[in-house]
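Top line first, the protein sequences correspond to chains U and Z.
According to my numbering, the first sequence is numbered sequentially starting from 1.
According to my numbering, the second sequence is numbered sequentially starting from 246.
Certain hints may be false.
Stated by the list, open to error - PhoX-like cross-link-like pairs, simulated, lysine-lysine; straight-line CA separation at most 25 Å:
#1 Lys306(Z) - Lys29(U)
#2 Lys332(Z) - Lys256(Z)
#3 Lys257(Z) - Lys332(Z)
#4 Lys78(U) - Lys68(U)
#5 Lys306(Z) - Lys350(Z)
#6 Lys29(U) - Lys332(Z)
#7 Lys29(U) - Lys256(Z)
#8 Lys78(U) - Lys115(U)
#9 Lys29(U) - Lys158(U)
#10 Lys332(Z) - Lys247(Z)
#11 Lys29(U) - Lys257(Z)
#12 Lys215(U) - Lys29(U)
Claimed, not checked - Derived CB-CB ranges, DEER-like:
#13 Pro250(Z) - Val150(U): 20 to 30 Å
#14 Arg145(U) - Lys350(Z): 46 to 56 Å
#15 Lys350(Z) - Glu226(U): 50 to 60 Å
Bear in mind the hints are in silico, worked out from the structure with no lab data behind them.
This structure is a prediction, so every number in the text was calculated from the model and none was measured.
Cβ atoms here follow ideal geometry from the backbone N, Cα and C, with glycine treated the same way.
Chain by chain, the residues run as shown.
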Amino acid sequence: MARPAFYDLNVCSVPEGNDTVEKIASLAKHFGFRGIAITNPFGSCEPERPAMFDDLEIFSGIELEVNKASRLHGLIGKYRKMVDVIVVHGGSESINRAAVENSNVDILSNFGSMKDNGINHILARSAHDNNVALSFDLGEIICQRGGRRVRALSNFRKDLKLIRKYDVPFVLTANARCCYDMRAPRELIALAGLFGMTREEAIKGISSIPESIIKNNRPSDRYVFEGVEIVTTPQDCLFNGGEEK
Amino acid sequence: MKIVPPTMREKKRYLAFELIAEEQVSRDELIREIFSASGGLLGDLGSSECNIWLLAFEDHKGVVSCNRDYVSRTRAALSTITSVKGKRVTFHILGVSGTVLGATKKYLEGVDVFNPEEQSHINE
Numbered sequence: 001m002a003r004p005a006f007y008d009l010n011v012c013s014v015p016e017g018n019d020t021v022e023k024i025a026s027l028a029k030h031f032g033f034r035g036i037a038i039t040n041p042f043g044s045c046e047p048e049r050p051a052m053f054d055d056l057e058i059f060s061g062i063e064l065e066v067n068k069a070s071r072l073h074g075l076i077g078k079y080r081k082m083v084d085v086i087v088v089h090g091g092s093e094s095i096n097r098a099a100v101e102n103s104n105v106d107i108l109s110n111f112g113s114m115k116d117n118g119i120n121h122i123l124a125r126s127a128h129d130n131n132v133a134l135s136f137d138l139g140e141i142i143c144q145r146g147g148r149r150v151r152a153l154s155n156f157r158k159d160l161k162l163i164r165k166y167d168v169p170f171v172l173t174a175n176a177r178c179c180y181d182m183r184a185p186r187e188l189i190a191l192a193g194l195f196g197m198t199r200e201e202a203i204k205g206i207s208s209i210p211e212s213i214i215k216n217n218r219p220s221d222r223y224v225f226e227g228v229e230i231v232t233t234p235q236d237c238l239f240n241g242g243e244e245k
Numbered sequence: 246m247k248i249v250p251p252t253m254r255e256k257k258r259y260l261a262f263e264l265i266a267e268e269q270v271s272r273d274e275l276i277r278e279i280f281s282a283s284g285g286l287l288g289d290l291g292s293s294e295c296n297i298w299l300l301a302f303e304d305h306k307g308v309v310s311c312n313r314d315y316v317s318r319t320r321a322a323l324s325t326i327t328s329v330k331g332k333r334v335t336f337h338i339l340g341v342s343g344t345v346l347g348a349t350k351k352y353l354e355g356v357d358v359f360n361p362e363e364q365s366h367i368n369e
């Protein structure tokens with residue numbers, strides 16, 4: 001079987017985290033990731049520019065954390081054109097709802113709390129309709145101990161049940177704040193296994209789903225500038241013997 | 246005591262790993278941390294099933310043995326190690342093998358442990 005390309009779409013660098021992008025990127029490459037997205041919270045700094053670091057792709061991203069849902073939509077509109085990945089830091093019910101109902105959002109993270117798992121069948125269905133991925137923040141299993149970790153694991157179990165039933169996209173992330181928080185893809189798969197996720201599902205969550213998120217947000221090869229795109233007409237294909245694509 | 250025949254022995258897997266750490270970590274400190282992590286995540290019952298054991302640890306590279314049927318659980322338990330005696334570390338499993346020799350030869354010989362501090366300077 002060909003080795004799939006792995007991605008972690010929720011990593012923080014300086015000034016929010018502790019380590020520079022170079023340091024994180026070199027470690028991510030060592031762990032076998034194909035790409036990472038630097039998602040610093042908005043307001044702390046300008047979003048990181050997309051770059052290539054040896055073979056590792058760095059995607060630009062932003063994490064939006066607000067306390068009022070009405071503010072969220074404005075911010076999403078502002079950043080949608082600037083970054084590859086928009087992550088919404090959930091928490092309260094209104095924020096979670098606003099995020100899954102906006103198809104411009106890519107990932108909803110940290111939506112669970114100590115009290116409940118943050119999503120229900122209605123939110124799961126609209127996440128499916130709007131193609132908003134729910135993220136399993138495995139950092140909670142890695143860093144927390146005791147009661148909080150128990151809560152996180154049981155929340156993830158409930159989320160997984162809804163995700164399977166409503167076919168919601170999901171991603172796995174270590175939610176790293178420094179380079180020592182990062183984990184290799186196989187470790188993420190093993191951690192996901194703790195709450196009942198199968199190996200195939202977990203691989204999907206760190207390879208094909210993040211890939212499709214990036215692909216949807218990046219302009220295609222035929223893109224020229226805003227509103228203009230190269231369209232191949234059937235006649236062109238005939239003239240060139242169908243070589244041009 | 247007479248040695249148990251091969252078919253009756255516990256089937257094991259050997260995980261070759263590197264420890265990416267801020268500072269030097271000693272074997273005893275790591276052992277304590279491994280057992281506390283597996284005790285915390287899997288509990289006494291789960292730890293007894295996994296049977297995690299640190300065989301060798303030198304130069305931040307080593308081999309951990311575990312029960313064959315619980316490799317993934319062992320991996321999860323080991324990846325919850327975040328610090329050893331206050332020094333931040335990351336446990337990175339390089340590969341799994343059926344023999345100690347295989348694990349050492351295939352994954353550990355001649356491998357330099359990754360050091361984030363050095364790496365980032367080279368690439369700058």
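Query raised in the report: Are the Cα atoms of Lys29(U) and Lys257(Z) separated by 25 Å or less?
Result: violated (30 Å)
Query raised in the report: Regarding the pair Lys306(Z) and Lys29(U), is the alpha-carbon distance no greater than 25 Å?
Result: holds (19 Å)
Query raised in the report: Is the Cα-Cα distance between Lys29(U) and Lys256(Z) 25 Å or less?
Result: Judged against 25 Å, a Cα distance of about 33 Å means the pair is violated.
Query raised in the report: Does the Cβ distance between Arg145(U) and Lys350(Z) fall inside 46 to 56 Å?
Result: violated (36 Å)
Report task. Assess, step by step, whether the Cα of Lys306(Z) is no farther than 25 Å from the Cα of Lys350(Z), and give holds or violated. Result -> It holds: about 12 Å lies between the C-alpha atoms, which stays within 25 Å.
**Report entry** Whether the CB-CB distance between Pro250(Z) and Val150(U) falls inside 20 to 30 Å
**Finding:** violated (42 Å)
**Report entry** Hint consistency between Lys257(Z) and Lys332(Z) [alpha-carbon to alpha-carbon, up to 25 Å]
**Finding:** Cα-Cα ~30 Å, so violated.
Query raised in the report: Taking only the CA atoms, is the gap from Lys78(U) to Lys115(U) under or equal to 25 Å?
Result: violated (32 Å)
Query raised in the report: Is Lys29(U) close enough to Lys158(U), meaning Cα to Cα at most 25 Å?
Result: Distance of about 33 Å is beyond 25 Å: violated.
**Report entry** Lys78(U) paired with Lys68(U) [C-alpha distance capped at 25 Å]
**Finding:** Cα-Cα ~16 Å, so holds.
Query raised in the report: Straight-line Cα separation of Lys215(U) and Lys29(U) no greater than 25 Å?
Result: Status holds; Cα separation ~20 Å.
Query raised in the report: Within a Cα-Cα threshold of 25 Å, do Lys332(Z) and Lys247(Z) meet the stated pairing?
Result: violated (44 Å)
When held up to the earlier numbered hints, the structure conflicts with 2, 3, 7, 8, 9, 10, 11, 13 and 14 and fits the remainder.
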